[in-house]
Amino acid sequence: MDKTLTSRHGPWIAGGLIGLIAVALAHYGNPGNMGFCVACFTRDIAGALGFHRAGVVQYIRPEIPGFILGSFISALIFREYSPRGGSSPAVRFGLGVFAMLGALVFLGCPWRAYLRVSGGDWNALYGVGGLIVGIFIGILFLWRGFSLGASTNNPKASGLVMPLIAAGLLAMLFIAPKFGENAPVFFSTSGPGSQHAPVLMALAAGLIVGWLAQRSRFCTVGAIRDFLMMGDSYLLKGIIAFMITAFAANYALGTFKPGFEGQPVAHTNELWNFLGMVLSGLAFTLAGGCPGRQLIMAGEGDSDAGVFVLGMLTGAAVAHNFSAASSGAGIGAYGIHVTIAGLIFCVLVGVLCRDRGE
Amino acid sequence: MSDVITVNASGLSCPQPVMLTKKALSGLNSGRVEVLVDTATSRNNVSRFAENKGWKVEVNELEGGGYKLVLLK
Numbered sequence: 001m002d003k004t005l006t007s008r009h010g011p012w013i014a015g016g017l018i019g020l021i022a023v024a025l026a027h028y029g030n031p032g033n034m035g036f037c038v039a040c041f042t043r044d045i046a047g048a049l050g051f052h053r054a055g056v057v058q059y060i061r062p063e064i065p066g067f068i069l070g071s072f073i074s075a076l077i078f079r080e081y082s083p084r085g086g087s088s089p090a091v092r093f094g095l096g097v098f099a100m101l102g103a104l105v106f107l108g109c110p111w112r113a114y115l116r117v118s119g120g121d122w123n124a125l126y127g128v129g130g131l132i133v134g135i136f137i138g139i140l141f142l143w144r145g146f147s148l149g150a151s152t153n154n155p156k157a158s159g160l161v162m163p164l165i166a167a168g169l170l171a172m173l174f175i176a177p178k179f180g181e182n183a184p185v186f187f188s189t190s191g192p193g194s195q196h197a198p199v200l201m202a203l204a205a206g207l208i209v210g211w212l213a214q215r216s217r218f219c220t221v222g223a224i225r226d227f228l229m230m231g232d233s234y235l236l237k238g239i240i241a242f243m244i245t246a247f248a249a250n251y252a253l254g255t256f257k258p259g260f261e262g263q264p265v266a267h268t269n270e271l272w273n274f275l276g277m278v279l280s281g282l283a284f285t286l287a288g289g290c291p292g293r294q295l296i297m298a299g300e301g302d303s304d305a306g307v308f309v310l311g312m313l314t315g316a317a318v319a320h321n322f323s324a325a326s327s328g329a330g331i332g333a334y335g336i337h338v339t340i341a342g343l344i345f346c347v348l349v350g351v352l353c354r355d356r357g358e
Numbered sequence: 359m360s361d362v363i364t365v366n367a368s369g370l371s372c373p374q375p376v377m378l379t380k381k382a383l384s385g386l387n388s389g390r391v392e393v394l395v396d397t398a399t400s401r402n403n404v405s406r407f408a409e410n411k412g413w414k415v416e417v418n419e420l421e422g423g424g425y426k427l428v429l430l431k
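Chains as they are written, first to last, in this note's numbering: chain C, 1 to 358; chain L, 359 to 431.
Everything labelled a hint here was simulated from the structure, so no lab data went into it.
The model shown is predicted, which means the values in this text are computed figures rather than measured ones.
It cannot be assumed that every hint is accurate.
The list that follows gives simulated cross-link-like pairs (lysine-lysine, DSSO-like), each with its CA atoms no further than 27 Å apart [unchecked claim]: (1) Lys380(L) with Lys237(C); (2) Lys411(L) with Lys237(C); (3) Lys431(L) with Lys414(L); (4) Lys257(C) with Lys237(C).
Per the computed footprint, the stretches of chain L lying under chain C, defined by three or more beta-carbons under 8 Å from a beta-carbon of chain C, are [claimed, not checked]: (5) 367 to 374; (6) 392 to 401.
Which chain L residues stay away from chain C? Per the calculated CB distances, all over 12 Å, these [unchecked claim]: (7) Ile363; (8) Leu386; (9) Glu416.
Glycine included, every Cβ here is placed at the ideal spot set by N, Cα and C.
Using the sequences plus the hints, can you model the full thing?
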């Protein structure tokens, strides 16, 4: 099995399985077209911890710690646990913040953008279009010599921080402690945060996907980047399989509902669906991979990816505390402002961060 | 025998190891190119790229961690 996952066929086999698991999670309780959404789930975790107080999106989604721990265990078993870091961590933190802000303007990370299309939500076509444009802008910077610099090997123990945070989140999910009146941990009683698959099923799904993605290098941004840059369809096949199986499962379960109006956890503003994902796609490309991939690398001991993930957690809090997140009703009052600020930040990073070895 | 070209791609994020390898191989019809990478992902990506371009790849695991990939044609 491992030989297959690490072979040329790995990404499409992993992608196909992940597509099926995603639709199963939505079928068993996750919000519509949200079998997996790294942005939405991280946002829900930020809410559960009280980092923002949007009452409808607060829940400790076990899929996220599952990704990190699944990857961590897989990396240990296959001797790929490799603690490293030190490649412009503060810049990566900023990229994580703005990748999240862009994703919450669109309402989904790249994983969910593809899942939304597979469920017939045509608003997400603008998001996928924006994602491709954002990745292409990132490629232009890469061609000009963009680099955040090299990471170096870190002490073995340094790679344990993100897996320990993941374990702590799971402990808080299962124990559900209350740290005072009107204090976390919060669990939504209505809205998307209240909709979830059974806890153990979601955790198992997260662990399995963490393992599959760690072995196959499944990456929803690298897929498009490598195809556009080098005509390499190795990772792209993973996304195509992911969308095909998700579409087939949605169709079989009657959850394929084509159209623009009335889509679950989505709005119909074409321009900001597009630009939100331009920002996200650019930020992910500059950081070297999609949000799922960042979680997987964090599990392998990559502290830079860990810092990016913590940036996403912060970005989620910013999005809701500063009225920048969209909702089904439309974009937030400051969604446009943060998207423009994020695009300026990313362009500056792309222009100014060059390889000093040249 | 011509000079050995060494590419140090250790610690770099995707897709920079492949980009540096591509740059080193461009215009070369034969020779020996050594690429240093630090992760299994970069090892696989660089190997796949070089093999697709017709280069033979030898993978050497380094003692302190990481890999030296020897590309031959």
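Going through the hints against the structure:
The hinted pair formed by Lys380(L) and Lys237(C) meets the criterion: a straight-line CA distance of about 22 Å does not exceed 27 Å. Between the alpha carbons of Lys411(L) and Lys237(C) the distance comes to roughly 20 Å, so the proposed pair stays at or under 27 Å and holds. Taken as a hint, the Lys431(L) and Lys414(L) pair is honoured in the structure, with Cα atoms around 6 Å apart against an allowance of 27 Å. Simply put, Lys257(C) and Lys237(C) have alpha-carbon atoms about 24 Å apart, close enough for the 27 Å limit, and the pair holds.
With 7 residues bearing a CB less than 8 Å from a CB of chain C, the segment 367 to 374 of chain L meets the requirement of three and the coverage assertion stands. Chain C is given as covering the segment 392 to 401 of chain L, and this holds because 4 residues of the stretch bring a CB closer than 8 Å to a CB of that chain, at least three being needed. At roughly 15 Å from the closest C-beta of chain C, the C-beta of Ile363(L) stays outside 12 Å, upholding its exclusion from the interface. Annotated as non-interface, Leu386(L) keeps its C-beta farther than 12 Å from every C-beta of chain C; the closest such distance is 17 Å.
Listed as outside the interface, Glu416(L) is consistent with that label: its C-beta sits roughly 18 Å from the nearest C-beta of chain C, beyond the 12 Å cut-off.
The earlier numbered hints are all upheld by this structure, with none contradicted.
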